[in-house]
Amino acid sequence: GAGVSQSPRYKVAKRGQDVALRCDPISGHVSLFWYQQALGQGPEFLTYFQNEAQLDKSGLPSDRFFAERPEGSVSTLKIQRTQQEDSAVYLCASSRDTGELFFGEGSRLTVL
Amino acid sequence: DQQVKQNSPSLSVQEGRISILNCDYTNSMFDYFLWYKKYPAEGPTFLISISSIKDKNEDGRFTVFLNKSAKHLSLHIVPSQPGDSAVYFCAASEWNNNDMRFGAGTRLTVKP
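If you read the protein sequences in the order shown, they are chains A and B.
So the first sequence is residues 760 to 871, counted in this note's numbering.
So the second sequence is residues 4 to 115, counted in this note's numbering.
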């Protein structure tokens, strides 16, 4: 498709479960970002890839969060042993450079 | 620490009038600023940007003003249309820095 695609759109997990969120960026976009958006807040930076290299993971809130982009295209954000405070919308964005970001629709995670 | 602040969570204007959305930032190293627009259940979409070498950038009905000394920017929409009703996020970063910071957003409602 022409835009950034994320799946699943909605995920309900029991506390302690592992989840994996997928992002398909726009073809040809070398930069890929993950953001976490809590209710009523703006997106908070999690991590950044340039091609397959994870150049910045300073925003990941704990070592339970892990992201990869092994072939420089599709990326997966994995959250291990989910906690209730992980409930948020996880936004993926891609760009040709580090200017304008093109966002996906987000994956809404609810941890019970 | 919130480096980008949008102090008005909501704004309501009449169709045809001007909408003014405000944003303040604290990091003097920021030199690239963007506005994103977000409809429900969609990811944010890029609207307009400005770099610190300018104090104004105009694109159709949308104009962004930057006051570097006050660390303040604003988005003007003239004339406002009902389709402009959305949440508007202000974002800022250092040039070519992947860590883009977002404000909490302002929900704009344009009444017919």
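It should be emphasised that the hints constitute simulated quantities derived from the structure, not laboratory data.
Some hints here could point you the wrong way.
Claimed, not checked - If you only want the chain A side, here are some residues facing chain B, beta carbon under 8 Å, derived:
| id | residue |
| --- | --- |
| 1 | F792 |
| 2 | L798 |
| 3 | G799 |
| 4 | Q800 |
| 5 | F804 |
| 6 | Y807 |
| 7 | F825 |
| 8 | P829 |
| 9 | G831 |
| 10 | A847 |
| 11 | L850 |
Said to hold, decoys possible - Taking CB as the label site, the calculated pair distances span:
| id | chain 1 | residue 1 | chain 2 | residue 2 | range |
| --- | --- | --- | --- | --- | --- |
| 12 | B | T29 | A | A761 | 17 to 23 Å |
| 13 | B | P12 | A | S786 | 34 to 40 Å |
| 14 | A | K837 | B | E61 | 41 to 47 Å |
| 15 | A | Q839 | B | R64 | 29 to 35 Å |
| 16 | B | W98 | A | Q839 | 43 to 49 Å |
| 17 | B | T29 | A | Q809 | 33 to 39 Å |
To be verified - In silico lysine to aspartate or glutamate, EDC-like type, Cα no more than 16 Å apart, as pairs:
| id | chain 1 | residue 1 | chain 2 | residue 2 |
| --- | --- | --- | --- | --- |
| 18 | B | K71 | B | D87 |
| 19 | A | K770 | A | E859 |
| 20 | B | K71 | B | D102 |
| 21 | B | K114 | B | D87 |
| 22 | B | K8 | A | E864 |
| 23 | A | K816 | B | D87 |
Every residue gets a Cβ at the ideal spot worked out from N, C-alpha and C, and that includes glycine.
Evaluation of the provided hints:
With 8 Å as the threshold, the beta carbon of F792 of chain A comes within range of chain B, its nearest partner Cβ sitting at about 7 Å, so the hint holds. Violation of the interface hint for L798 of chain A is found here, the shortest Cβ-Cβ separation to chain B being roughly 11 Å, above the 8 Å cut-off. Taken as an interface hint, G799 of chain A checks out: its beta carbon lies about 7 Å from the nearest beta carbon of chain B, inside 8 Å. With its C-beta approaching chain B no nearer than about 5 Å, Q800 of chain A sits inside the 8 Å limit, and its interface hint holds.
Checking F804 of chain A against chain B: minimum C-beta separation of about 5 Å stays under 8 Å; hint holds. Evaluation of the Y807 of chain A hint against chain B yields a held restraint, the C-beta minimum of about 4 Å falling below 8 Å. Taken as an interface hint, F825 of chain A does not check out: its beta carbon lies about 18 Å from the nearest beta carbon of chain B, beyond 8 Å. At its closest, the beta carbon of P829 of chain A sits 19 Å from a beta carbon of chain B; the interface hint therefore is violated under the 8 Å criterion.
Residue-level restraint check for G831 of chain A is violated (minimum Cβ-Cβ distance to chain B is 16 Å; threshold 8 Å). Because the smallest distance between the Cβ of A847 of chain A and any Cβ of chain B comes to about 13 Å, over 8 Å, the interface hint for this residue is violated. At its closest, the beta carbon of L850 of chain A sits 6 Å from a beta carbon of chain B; the interface hint therefore holds under the 8 Å criterion. A hinted range of 17 to 23 Å for the beta carbons of T29 of chain B and A761 of chain A is inconsistent with their spacing of about 37 Å.
With their beta carbons about 37 Å apart, P12 of chain B and S786 of chain A fall inside the hinted range of 34 to 40 Å. Distance hint check: the CB atoms of K837 of chain A and E61 of chain B are about 43 Å apart, consistent with the given range 41 to 47 Å. Checked against the hint of 29 to 35 Å, the C-beta distance between Q839 of chain A and R64 of chain B comes to roughly 46 Å, which is inconsistent with it. A beta carbon spacing of about 35 Å between W98 of chain B and Q839 of chain A contradicts the range 43 to 49 Å that was offered as a hint.
A C-beta distance of roughly 27 Å is found between T29 of chain B and Q809 of chain A, which places it outside the suggested range of 33 to 39 Å. Restraint check for K71 of chain B and D87 of chain B: not satisfied, since their Cα atoms lie roughly 27 Å apart, outside the 16 Å limit. Restraint check: the Cα-Cα separation between K770 of chain A and E859 of chain A comes to about 28 Å, which exceeds 16 Å; the hinted pair is violated. Distance hint between K71 of chain B and D102 of chain B is unfulfilled; the C-alpha atoms sit about 20 Å from each other, more than 16 Å.
Under the criterion of a C-alpha separation no larger than 16 Å, the hint pairing K114 of chain B with D87 of chain B is consistent with the structure, at around 10 Å. With a C-alpha separation of about 23 Å, the suggested pair K8 of chain B and E864 of chain A falls outside the 16 Å cut-off, and the hint is violated. For the proposed pair K816 of chain A and D87 of chain B, the alpha carbon gap of about 34 Å is over 16 Å, so the pair is violated.
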